[in-house]
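Participant: So for the first sequence, this note's numbering puts the first residue at 17; every next one is plus one.
Careful, some of the hints might be misleading.
Result set (DSS-like, lysine-lysine): computed pairs, CA atoms no more than 27 Å apart in a straight line [claimed, not checked]: (1) K213 to K395; (2) K85 to K127; (3) K224 to K156; (4) K224 to K294; (5) K31 to K166; (6) K395 to K412; (7) K378 to K412; (8) K331 to K412; (9) K433 to K395; (10) K31 to K102; (11) K151 to K127; (12) K166 to K151; (13) K213 to K106; (14) K156 to K213; (15) K85 to K106; (16) K358 to K331; (17) K358 to K368; (18) K166 to K127; (19) K358 to K378; (20) K395 to K278; (21) K395 to K368; (22) K31 to K180; (23) K156 to K31; (24) K368 to K412; (25) K156 to K127.
Keep in mind the hints are simulated off the structure, nothing from the lab.
Just so you know, these numbers come straight off a predicted model, no measurement behind them.
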Amino acid sequence: MSTPPDNFEAARAEKLHKIEQLGIDPWGSRFDDYQPIEAIRALPADLADDQRPTVRAAGRIVLRRATGKLHFLEIRDWSGHRILRKRTSKEHAGEEVDAWSSYIQVAIGQKQVGELAWNLAQELDLGDLLGVDGKLGTTKTGEVTIWAEKLHFLGKSLLPHPDKVKGITDEEYLLRHRYFDLLYSPETLERTLNRIKIVRTIRNHLDKQGFVEVETPTLHAIAGGAAARPFITHHNTLDIDLFLRIALELHLKRLLVGGIEKVYEIGRVFRNEGISRKHNPEFTMMELYQAYGDYRSMMDLTEGMIVACIDGLGKGRQLQFGDATINFEPPWQRLSYAEAFKAHVGVDMDDKAAVAEVAPSKGVRTQILNEQKQPVGAKDHDVIVHELFETCVEDKLEGPVFVHDYPAGLCPLTKRKQGKPHIAERFELYVRGMELANAYTELNDPITQEQTFRQQLAGLPEEDSMAKMDEDFIRALRHGMPPAGGLGVGIDRLVMLLTNTTTIRDVILFPLLRPEQK
RNA sequence: GCCCCUUUAGCUCAAUCGGUAGAGCAACUGACUCUUAAUCAGUAGGUUCUCGGUUCGAGUCCGAGAGGGGGCACCA
17 MSTPPDNFEA ARAEKLHKIE QLGIDPWGSR FDDYQPIEAI RALPADLADD
67 QRPTVRAAGR IVLRRATGKL HFLEIRDWSG HRILRKRTSK EHAGEEVDAW
117 SSYIQVAIGQ KQVGELAWNL AQELDLGDLL GVDGKLGTTK TGEVTIWAEK
167 LHFLGKSLLP HPDKVKGITD EEYLLRHRYF DLLYSPETLE RTLNRIKIVR
217 TIRNHLDKQG FVEVETPTLH AIAGGAAARP FITHHNTLDI DLFLRIALEL
267 HLKRLLVGGI EKVYEIGRVF RNEGISRKHN PEFTMMELYQ AYGDYRSMMD
317 LTEGMIVACI DGLGKGRQLQ FGDATINFEP PWQRLSYAEA FKAHVGVDMD
367 DKAAVAEVAP SKGVRTQILN EQKQPVGAKD HDVIVHELFE TCVEDKLEGP
417 VFVHDYPAGL CPLTKRKQGK PHIAERFELY VRGMELANAY TELNDPITQE
467 QTFRQQLAGL PEEDSMAKMD EDFIRALRHG MPPAGGLGVG IDRLVMLLTN
517 TTTIRDVILF PLLRPEQK
């Protein structure tokens, strides 16, 4: 019986059949009490024969070296971390390769494991899942090795695995087969686990300060709380269109009215906009609201929370990002929007004539254009100011820096500064030109809120406005919302920054891609 | 939506001026009880992304399309 040599799948299916013929289930079954490979590697491996620990491991076969009647495998689980591993073969001795420290070598000797296991060993492929019982020891060359006494077949891999040296470099392939990326790119698993760690740190940090986590609806009748185009979907029984949420804000503030004084949510929001290295149509936001706080209390909280995340990663407070090193040691710089504007644009942001004059030279139009590119009116002063800020200032903000006190026209949900109605109590945290966090002293005055909504709605296409009239939300405010500080953090971008990742796709396990076409 | 780049064996990559599509790894057969990115000998593996054009002849040149990447725009 020969295997068609031109077909990998057929060859592996053949092995699957042979494993079945040995009376072994090729899909494995429950396997209890195995030890993490990292824990096994921490055990003493160089004891006398009669003192060697018995261990049980499980993992995926990632390398195989068969020498006649003694086979060496390397199996790997998820218990380790990225390391550099020295090569030992004569040709390449001393060279280093990227590895994952939770691999362990398994030696299977024909005489030692018995006929059944030896027959099974003949059918093992790279990518198969295997459990091993054996004594921990070393080889003649000193490699920590499980000397197999019993094999437990835990799962067949029917498709070929990538090049053991180069893995897969085709980014499309990796994006469409994230499981391969996780298996063969150590940094991908590392980054994924770091993301999980960061989110857990945020929860721990907030929980310790008395915040409670809630879940609010994803399907909204009115997509409010941010300026973004929503996804539209439909509820059949009610026969109404609904929007996937673009922000968490309005429901969480209703909970403030409801007496939940420290509340947060970490959840997915959806924005029907372009895809880029900084944008995925669905992304994760953390928003929190604290009764009786303001934007200054949010600055302290933000700084403490992000520093806790950084400390949780255990790599110190100076983090590498691209070719720069960012110093996250608190306290972080606090800079007013007006100061930042003056420094980089060169004019006072309140000087309307000067702003209008400088705008064209920076590529910022002062007219609103319709779809035919005809001017249909003058842009609001605050809008021009902010466009200048985006083109001239943002990139220069190395950070971490809190930019505070925004032009009020940009912030319909924010309380105005006392005695300065054109300034809103808002800050954004910038690091390397990226907005990491956005916080307000929340507007809790329903009369002003309703006016702001109506003004904004009159001036802008609804989809471009942050202020969508939400009658139910106004009604909630009329019952009395405590003065409060509110904070929003884009989790994906925070993870990018803290894990030195330049594209958002790499911090999201399954980013949106066009469907694969046949 | 616009511009640029890219697509060759399962994976990583070659292929000169337009002239027989190759190698390493993986796979298959064989040898080997201390290998370690094992080694050695042999075998097999291709719609060169798709469609069309130029040409005696196209992986290579031209046109269109698709996927992906990068940039711009929108946005967080």
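Participant: Determine for every hint whether it applies to the structure shown.
Facilitator: Hint by hint, here is what the structure shows:
With a C-alpha separation of about 44 Å, the suggested pairing of K213 with K395 is violated against the 27 Å cut-off. For the hint linking K85 to K127, the alpha-carbon distance of about 8 Å falls within 27 Å, and the restraint holds. Proximity of K224 to K156 is assessed by CA-CA distance (about 52 Å); at most 27 Å being required, the pair is judged violated. A threshold of 27 Å between alpha carbons decides the hint, and for K224 with K294 the separation of about 31 Å lies outside it, so the pair is violated.
A C-alpha spacing of about 20 Å is found between K31 and K166, which places the hinted pair at or below 27 Å, so the restraint holds. Note on K395 and K412: the hinted pairing holds, with a Cα-Cα distance of about 25 Å set against a maximum of 27 Å. For the suggested pair K378 and K412, the alpha carbons sit about 15 Å apart, so the restraint of at most 27 Å is met. With a C-alpha separation of about 26 Å, the suggested pair K331 and K412 falls inside the 27 Å cut-off, and the hint holds.
With a CA separation close to 23 Å, the supplied pair K433 and K395 stays within the 27 Å bound. Restraint check for K31 and K102: the C-alpha separation of about 33 Å exceeds 27 Å, so the hint is violated. With a CA separation close to 15 Å, the supplied pair K151 and K127 stays within the 27 Å bound. The suggested pairing of K166 with K151 holds, with an alpha-carbon distance near 10 Å, which does not exceed 27 Å.
Distance restraint check for K213 and K106: the Cα-Cα separation of roughly 40 Å exceeds the 27 Å cut-off, and the hinted pair is therefore not satisfied. As the CA atoms of K156 and K213 are separated by approximately 39 Å, the hinted pair breaks the 27 Å bound. About 22 Å separates the Cα atoms of K85 and K106, which keeps this hinted pair within 27 Å; it holds. Pair hint K358 plus K331 does not hold up; C-alpha atoms about 36 Å apart against a cutoff of 27 Å.
Restraint check: the Cα-Cα separation between K358 and K368 comes to about 13 Å, which is no more than 27 Å; the hinted pair holds. The suggested pairing of K166 with K127 holds, with an alpha-carbon distance near 12 Å, which does not exceed 27 Å. Our distance criterion of 27 Å between C-alpha atoms is met by K358 and K378, whose separation comes to about 14 Å. In summary, the hint linking K395 to K278 is not supported, as the alpha carbons are separated by about 38 Å, beyond the 27 Å threshold.
Only pairs whose Cα atoms come within 27 Å are accepted, and K395 paired with K368 is accepted, the gap being roughly 12 Å. Between K31 and K180 the alpha-carbon distance is near 21 Å, which keeps this suggested pair within the 27 Å criterion. The hinted pair formed by K156 and K31 fails the criterion: a straight-line CA distance of about 32 Å is larger than 27 Å. Between K368 and K412 the alpha-carbon distance is near 23 Å, which keeps this suggested pair within the 27 Å criterion.
Restraint check for K156 and K127: satisfied, since their Cα atoms lie roughly 18 Å apart, inside the 27 Å limit.
The structure does not agree with the numbered hints 1, 3, 4, 10, 13, 14, 16, 20 and 23 stated previously, though it agrees with the rest.
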